[in-house]
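Chains as they are written, first to last, in our numbering: chain W, 1 to 309; chain R, 310 to 387.
There's no promise every hint is true.
[Claimed, not checked] For lysine to aspartate or glutamate, the following EDC-like pairs were computed, each having C-alpha atoms within a straight-line distance of at most 20 Å:
1) K378/R x D151/W
2) K329/R x E72/W
3) K371/R x E340/R
4) K150/W x D214/W
5) K378/R x D214/W
6) K132/W x E353/R
7) K350/R x D151/W
Note that these hints are calculated values from the structure, not bench results.
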Amino acid sequence: MEFYHNMSNIYDLIIIGAGPAGITASVYAARKRIIFLVVTKDIGGQAAWSGDIENYTGYQFITGPELASKFEEHMKKYGNNVREGEEAIEVKRKDNIISVKTNRGLYEAKTLVIASGKKSKELGVPGEKEFKNRGVTYCATCDGPLFSGKDVAIIGGGNSALDAALQLIKIAKRLYLINITPNITGDPIMQEKIRESDKVTILNSAEVTAITGDKAVRSIRVKREGKEETLPVQGIFVEIGLIPNSGFAKEVDRNELGEIKVDCHNSTNVPGIFAAGDVTNVPEKQIVIAAGEGSKAALSAFRYLNQSR
Amino acid sequence: MDRKVRVYSTPSCPYCIRAKQFLKDNNVEFEDIDVSLNPEKGQEMIDVSGQMGVPVLIIDGKIIVGFDKESIRKALGI
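So that you can see chain W by itself, here it is in the shape it has in the complex:
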């Protein structure tokens, strides 16, 4: 049931994204009784992909998927104004109306909160796209168990790469940790555990140049000290960090990382467009921060609507 019926087809507010920031924005918007719509690729955002969460106030321990479903319940308590499975493609502002084009439709609103978060960075090497889900994966927690007894490569040297390695030590036969920098940067406590395992070969200052195979991944090509070598692997876990989902907001100012620049009211350079959470340049990417920023952005949008009435 659409709780808030939209007469004019112009919403007061559109929220892009339903992670901690977007969902919190929707709760605040609903409580202010403004007519709004949430368009989102998924529910829960990166929080849903987190393992154990022990720093979200009020929950001493909760898993990512559990917290995500709590968020969803809270959002849907106020009605189902959510279009899941829709990805924003383009955002434009003309004559005080903001249009949001998605893979499924076109929507218009007076204000917009961009809370589209971040996604896994890709390697950008030949074979990566072709073998995605055919050995190349970006979620060790999800797909790790499919590589039982197989040889795998983990790309990266930060905490997420080490976390993937620690999960895979229990599952895979042999692991290569391929790290582009001279040293692993992840937490020493995790490094120690990895070094204890005789299954793991760490290759530092190593760059992936290609992924090859037939029906599935068969090997990875790695360049190190000017020499290229081919390592036979069946699984490749890419854990090289995140990039903001901000490519659709071309008129909005972004920093060198692609993060949307906001002020302390979550305003962007475009009037009526606000942003919140990991997609912004706000320091520290945390669930609790994203949630707080989402509420601020919704309240700023509400204030903007009142002023422009």
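Given chain W's structure and the hints, the job is docking chain R onto it.
What follows is chain R alone, placed relative to chain W:
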């Protein structure tokens, strides 16, 4: 209506959890196969779907990769 629905999943994959929740919300009974506990079933999933990502749903013989709500609806006729 009697349908044969099978879900290949892992416990910690958010899209698996959402896919199963979607089936439950629509009162669809399904067989849940945890491939992390059963590597042979994991291989079976790879063989039938031709790919190595979870979830995989098989609805009356139709293979759906990932939590693709529209395709799931279509296959279920809901």
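Going down the list of hints, with the structure as the test:
Between the alpha carbons of K378/R and D151/W the distance comes to roughly 33 Å, so the proposed pair goes past 20 Å and is violated. Simply put, K329/R and E72/W have alpha-carbon atoms about 15 Å apart, close enough for the 20 Å limit, and the pair holds. This hinted pair checks out: K371/R and E340/R have alpha carbons roughly 15 Å apart, not beyond 20 Å. Taking the CA atoms of K150/W and D214/W, the gap is near 16 Å; set against the 20 Å cutoff, the hint holds.
For the hint linking K378/R to D214/W, the alpha-carbon distance of about 30 Å lies beyond 20 Å, and the restraint is violated. Note on K132/W and E353/R: the hinted pairing holds, with a Cα-Cα distance of about 19 Å set against a maximum of 20 Å. Annotation: proposed proximity of K350/R to D151/W holds, straight-line Cα distance about 19 Å (limit 20 Å).
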